[in-house]
Amino acid sequence: MDYSKYFPIVEYYRLFVQPINSSRYKIKNDRMMVCPLHDDHDPSMGVMVNKKQGEIFHCFGCGRWGDVVELHMGVMKRLRGIYMSYDEALKDLCRIFSIDYNTLPK
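Counting in our numbering, the final residue of the sequence shown is number 1470, and the numbers go up one at a time with none missing.
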């Protein structure tokens, strides 16, 4: 499912990742940023558009990739110590972006 229309990755990064540590998590441009999923110091995570999934992230440093929901799952696990299912992460993204979960396509 393409959730990038509801939760753009760069906007998610600005709203949720950067406030965790704004001096560390920087955006180089609209497509490259410091990866929050490993001990990254230089922007190595990029945002690309996939025809089936919409926006996806890919880190050239740690090799992780996926959609915004999977990114949020990884961020919560690494930076907050919270394990979330895909659906729990999707509901949390709705909270972050102030979107009613029931309005999302199933």
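Misleading hints may appear alongside valid ones.
Claimed, not checked - Calculated pairs, BS3-like style, for lysine-lysine (alpha carbon to alpha carbon, straight line, at most 30 Å):
no.	residue 1	residue 2
1	K1392	K1470
2	K1369	K1470
3	K1455	K1415
What the hints assert, rightly or not - Per label pair, the in silico range of CB-to-CB distance:
no.	residue 1	residue 2	range
4	L1468	H1405	17 to 27 Å
5	P1383	D1406	31 to 41 Å
6	D1464	D1406	33 to 43 Å
7	D1406	T1467	32 to 42 Å
8	D1366	S1462	32 to 42 Å
If you are wondering where the hints come from, they were derived from the structure by calculation, not from laboratory data. Computed from a predicted structure; not experimentally measured. All C-beta atoms, glycine included, are put in the ideal place defined by N, C-alpha and C.
Okay, the hints, checked on the actual structure:
1. K1392 - K1470: It is violated: about 34 Å lies between the C-alpha atoms, which goes past 30 Å.
2. K1369 - K1470: With Cα atoms ~14 Å apart, K1369 and K1470 stay inside 30 Å; holds.
3. K1455 - K1415: holds (24 Å)
4. L1468 - H1405: 17 to 27 Å: Given about 35 Å between the Cβ atoms, the range is violated.
5. P1383 - D1406: 31 to 41 Å: The hint (31 to 41 Å, Cβ to Cβ) is violated, given that P1383 and D1406 are roughly 21 Å apart.
6. D1464 - D1406: 33 to 43 Å: holds (38 Å)
7. D1406 - T1467: 32 to 42 Å: holds (38 Å)
8. D1366 - S1462: 32 to 42 Å: violated (20 Å)
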